[in-house]
Every structure is written in C-alpha cells, then in structure tokens.
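Peer 1: All chains should be modelled from the sequences, with the hints used to inform the complete structure.
There are 2 protein chains.
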Amino acid sequence: MLSKNQIKLITSLKQKKYRLQHGLFVVEGVKTIKELLQSSLNLHALYTVETFNIDAKEEVIVSNSDLKRISFLKTPNKAVAIFKIPKSKVIAESGLIIAIDDVRDPGNLGTIIRLCDWFGINDLVCSKETVDCYNPKVIQATMGSITRVNISYVDLVEFLNNSSLTTFGAFMEGENVYKTGLPTKGVIILGNEANGVSQEVEALINKKISIPRFGNLQDAESLNVATATAILLSEFKRR
Amino acid sequence: MLSKNQIKLITSLKQKKYRLQHGLFVVEGVKTIKELLQSSLNLHALYTVETFNIDAKEEVIVSNSDLKRISFLKTPNKAVAIFKIPKSKVIAESGLIIAIDDVRDPGNLGTIIRLCDWFGINDLVCSKETVDCYNPKVIQATMGSITRVNISYVDLVEFLNNSSLTTFGAFMEGENVYKTGLPTKGVIILGNEANGVSQEVEALINKKISIPRFGNLQDAESLNVATATAILLSEFKRR
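Residue numbers (my numbering), protein chains in the order written: chain L, 31 to 269; chain S, 31 to 269.
To be clear, the hints were calculated from the coordinates, so they are not data collected in a lab.
Every value quoted in this text rests on a predicted model; they were computed, and no experiment measured them.
Please note that a few of the clues may not be correct.
As the list claims (entries may be wrong) - Subject to a maximum C-alpha distance of 30 Å in a straight line, what follows is the list of computed DSS-like cross-link-like pairs (lysine-lysine):
no., chain 1, residue 1, chain 2, residue 2
1, S, 44, L, 98
2, L, 167, L, 46
3, S, 237, L, 209
4, L, 44, L, 209
5, S, 34, S, 46
6, S, 158, L, 61
7, S, 44, L, 44
Peer 2: Here is the structure:
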C-alpha cells in the first residue's frame, strides 16, 4: 500500500511548481512508459498493477485502488511512472530550430514535439510562458517523442538577439511559404493560439511567412498552431 | 428560470443518440455562436446571460446559475446556443474530397474540419464509426468552420465503390508524397488514430502515399492524423 506521503508527492506533480521543486514528472500508459524506460531518462518510481519484468528496484506493485488514487486520468491505465526531469542540453545552432512564443494548449505543444521528432528537429525552444512540457497532457500527446527532442525554456527575445540564424515567423500576412526560398538552417517561430507572435519577438524576425488560404476569403480565420507547424516543417524539409 | 424539461433536453444533447433524435446540437462560446448565427444554420434556442442584441425570439436571458446547469464546460462561457442539425448536401464529385475512416478523437475531427475549410475542401466524408461532428468537443475545435464544410456520414466502402474519383490513402509505407504526381481531383483517405485505414477500405485505394520521416529511423512512430491531413492537403493544394 502506498503511504500518504507517497500519494501526496505524486499528486503534487500535477502542478508545474512541484514538478520543478522535485525535478520529477509523471507518465501514464504502459506503451509510453515502456518507451521512456528504454530512453536515456532516469526512472524515479514505477507504480504498476502488473510487473513490467524489468530489473528495477524502482518498481512497486500496487492495487487498482492505489493506482486510482495517484492517476491523473479518469480511467486509470495499469501503471503510473515517475521520471526525473532531464537537464536541457545546449541549443545547437545548426539545422532548423522551432521556437514557440507562448503556446498555451498542452495538446498543441505535445503535437509540436511529436512533429519535431518526425521531421528530425533536435531543438525546440519555448518562451517562458509556454505551457510546461512535463505537463501530463503534453506528455500524453507527445507519444514518447519527448525523449528525442531537446526542449529549452528561455527568454525568447534574448535567445533570438544572440542567435546568428535567420529567423522566420508564421504570420497571417507574410510571404507565401510555397513561393519563398527556404534555407536548411534557421529558426521558425510560431506564436500563441489567440494572439500570435508577440510584438517584441516580431521585431526580431527576418522573414514573415504565411500559409495561403485556399478557401473563400471571408472564411476560415486561421490555422491551428500545431497544423501550421506541420505544414511549415513539411515545406522546409521537403526541398 | 429554465424548466426541468428544458434542462433535461439540453443536457441530453451531450449524447449523439439524443442529438440525432432531436436534430439539435449545442454550441458554447460567444465568438463561435456569433459566427454560427451569421451562417445558414437555424437557431433553435439561445440561452445567454447578456443579450446578443439580435432580433430573435429564440433568445432567452438566463442567470449564471442556470447557465452552469446547462453548460458542458467546467467553466461556462456566457451563452449556450442550440442549433438545428442541417441536412448534408449531395457529395460533389469534383475537386478534392477528404474521407476519414473511423477517426475517434473529437479534437482530431475538429482540426480536420478546420483544415478542410482553410484549404477549400467542400466535402468531408466520414465512415459511420467516425466520431459525430456535432459532438461539443468537435464543434469547439472547428472554430466555426463546421458551417462551411459539407460533412456526410456514409458507408465508406459503398461510397468508394461508387465513386469515379482516384483514391489516395495515407499509409506508413507508400509513395513519397513529395515525389508523387498529385491531381486536382480525388479522394484522400485517412485512417483511425491507432489502426490506420481498415482492410476493406485499403482494398479500394488506388495509390498509397506517405509522408517521409526525416528523424532517425528507429524513432517517431507516426504522425497524428490531423497533422498528416494538414501536410497532405498542403501538398495537394500548393501545386
């Protein structure tokens, strides 16, 4: 049986504040846990109703009712794992980098991380106000990709000021991305779901690009930030 | 004050069964409601804490506590609108059509509807097992696009059998979409989140296409169905 203190620690990890304080985050779902166990991440504890048959002293077999107590899901899976938050590596100023300016929706961030993984983007740079990538909903949406993308939370204005790379920003009004020359190196910046790229960041963008709309002009107001990322990455990478 | 019967009717619309039975669906969020009021949809009732200043006998001013009773959201917005489900129009066998085979996640369907709108796709054809497009979570994710795309629920095998259009299917193994000739007419088929395109539908596909992975080979297992739709539509439309 889990102790009150254990339960308290685990459930506290729903909040960013306690994730940072303890340096830990929660992963649910047997498939994702197995994938993360094979990654470079360090396991802190694995609470499961059935053994994973791994040689790990961190594994604790728990009852279904204990699992229910610690799970963040309405319908708990078979296991809850706690991993140590890894240190961000130095951002490599080579190839393409995705930078996001205050993306707030966990599903969007998770999808963007998964896209970075698919398109071989090593570095994802997030403004400080961007949703925490160790938020359980983000982790779920990444489908395991979180271990393969180096995610850094930075002062975006400072980062762009110090970077020697060309900066591209996704805007409603910009050069048609299908007709623009796109390099193999650079930073692609995407903005907040409601407000787009902030003014301070906009001032540091070398080239504004946009995805043309093919529907009637008065119609669709914008693309979701994750689908815009998908289309831009596809355009930069296919050439 | 709302009557028990009114509340019962509205809350029943969370379920597909009752949406079909009553021919009604719920929309929340002032912005989306306003957009839908200007569309061809017919309003059944509008429950709101502040008047919309529209000339509609369907508007009913309610208290915040009444709104809370009928809202599907944890933090209710300022209004709940009920619209009549429109009849699907005949599927036009011209241009591009998106067909989806058992997409289950409401957010994914909503994003796909929004993408259809952006890329000027008039017809979205869904298999019967696809999540209902009048599901409140779908409506929210469409950002008003639902009124501008003709959505039909059909027996997908029958539809494809009777269609004269070339059929393209998104697969993990298929022709590289960046190197394939793509016509301006055709059906693009996307499958279920976990299982992809079903065998019966696969048998009716003329050309399998795939989005190449640029990351390391052993890595990212697949793209989310909505981001795959984004990239395929971008490829079909940009040429």
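Peer 1: Run every hint past the structure and note whether it holds.
Peer 2: Hint check:
no. : hint          : verdict
1   : S/44 x L/98   : holds, 26 Å
2   : L/167 x L/46  : holds, 12 Å
3   : S/237 x L/209 : holds, 27 Å
4   : L/44 x L/209  : violated, 44 Å
5   : S/34 x S/46   : holds, 21 Å
6   : S/158 x L/61  : holds, 28 Å
7   : S/44 x L/44   : holds, 28 Å
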